[in-house]
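Protein sequences appear in the order of chains W and E.
Just so we're aligned: the first sequence equals residues 1 to 199 in our numbering.
Just so we're aligned: the second sequence equals residues 1001 to 1184 in our numbering.
In case anyone wonders, no lab produced these hints; they're calculated from the structure.
Where hints are given, some of them may not hold.
Derived EDC-like pairs: lysine to aspartate or glutamate, alpha-carbon spacing no greater than 16 Å straight-line [said to hold, decoys possible]:
1) W:Lys117 / E:Glu1055
2) W:Lys111 / E:Glu1055
3) E:Lys1134 / E:Glu1055
4) W:Lys111 / E:Glu1049
5) W:Lys111 / E:Asp1046
6) W:Lys111 / E:Asp1045
7) W:Lys117 / E:Glu1049
The structure presented is a predicted model; accordingly, all values stated were derived computationally and were not measured.
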Amino acid sequence: MVFLELFLTFFTIGIVTFGGGYAMLPMIQEQVAARWGDLITEAQLVDFVAVSESTPGPFAINMATYIGSVVGGEQGGFMWQVLGSFCATMGVVLPSFIIILIVARIYDRFKESTIVKGCMTGLKPAVVGLIAGAVLNVMGTVFCPGGWAAALLSTPAFYISGAIAVTMVILAFKKVPPIVIICLSAAIGIAVGYMGLLD
Amino acid sequence: MKLKKLLQVFWTFFKIGAFTFGGGYAMIPLIQNEAVEKRHWVTDDDILEIVAIAESTPGPIAINSATFVGYRAAGVLGSVCGTLGVVLPSFVIILALSFVLQEFQALRAVQYAFFGIRAGVLALLIKALWTMYKKSPKGWPAYVVMGLSFLLTAVFSINVIFVIIGCAIFGLVTSRILKKGEVA
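Same shape as in the complex, but just chain W (with noise of 0.2 Å):
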């Protein structure tokens, strides 16, 4: 029953990804890759990332909802689409609905809990080592489409992704806004594309 795999799939990203956004692309990377590897590919969920980013709303929301989409739309219809769409974003949105809930209630107790203060010391870092991986994964996506072996012959599209990914994380570190990073990095593409060099 893929509707409610994608509920549990979510449901329990939801659960263990703490801080938010980005933190949960390590295992929404490794989730999709194992249950709809088939569906949704690597690039397509790099690519995706930028439509979340460019879009309203929280990045968690954002892909769940398509990839519940994706999924649900393999089934069938229009309906199937939406059917897949809610049950991603109900199981990613749950979990910190219901903990949240009991916290309001018990907020005192909860902000001074050693335990608490104690597996966050453990998670923080931990947000850094998976972000790391998922940022290895993203690199291989874009580098290396075609396997490492095909981008030791290194064609200029390799060169001229090193050129914007360069470009734009000076920028990045100049706070420009992610849309505009979006932006200038699809205009490039579309440049770059059209001058011959990409094929």
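Following the hints, complete the assembly by docking chain E onto the known chain W.
Structure of chain E alone, referenced to chain W:
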């Protein structure tokens, strides 16, 4: 009266969901403006609390804060309205986009655009990595956790869930031991 308040909570978070890009911390100033200054549902201190809670509970900050403020404003029903409000705009927009994307994916210009965008996303991720690193505790236990969680997931392909649970336990145990050391 009650119904009016619930509708206000829903509408407030609907607007916040519809107009903040990137989610997360970008929403905090908007929530402050609407929920503290305009509606007086919560105080500035509550907002600071929400950020602290959001950082130590799972899930997106947007959901955490919508649930929390909604609860403070109008109880459990309020939290339902706040959460639905903040989710709905994304849900509708992305659902619509997923149709459009599937239609346009084959276009040459779209493929070229995404070629550039993928490199741009890599840059955004590197920035996010740096931001998370700055917010993380430092010291040897933290560096061990960073290294291990990277190696275990990226190189050895261990399930992310197990790694997260393991790191939480590791943090709990080391923080206890280090604290005892300080006392002695």
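A quick look at each hint next to the structure:
Our distance criterion of 16 Å between C-alpha atoms is met by Lys117 (chain W) and Glu1055 (chain E), whose separation comes to about 11 Å. For the suggested pair Lys111 (chain W) and Glu1055 (chain E), the alpha carbons sit about 11 Å apart, so the restraint of at most 16 Å is met. In summary, the hint linking Lys1134 (chain E) to Glu1055 (chain E) is supported, as the alpha carbons are separated by about 14 Å, within the 16 Å threshold. Restraint check: the Cα-Cα separation between Lys111 (chain W) and Glu1049 (chain E) comes to about 9 Å, which is no more than 16 Å; the hinted pair holds.
This hinted pair checks out: Lys111 (chain W) and Asp1046 (chain E) have alpha carbons roughly 13 Å apart, not beyond 16 Å. Distance hint between Lys111 (chain W) and Asp1045 (chain E) is fulfilled; the C-alpha atoms sit about 14 Å from each other, no more than 16 Å. Taking the CA atoms of Lys117 (chain W) and Glu1049 (chain E), the gap is near 15 Å; set against the 16 Å cutoff, the hint holds.
Comparing the model with each numbered hint stated earlier shows that all of them hold.
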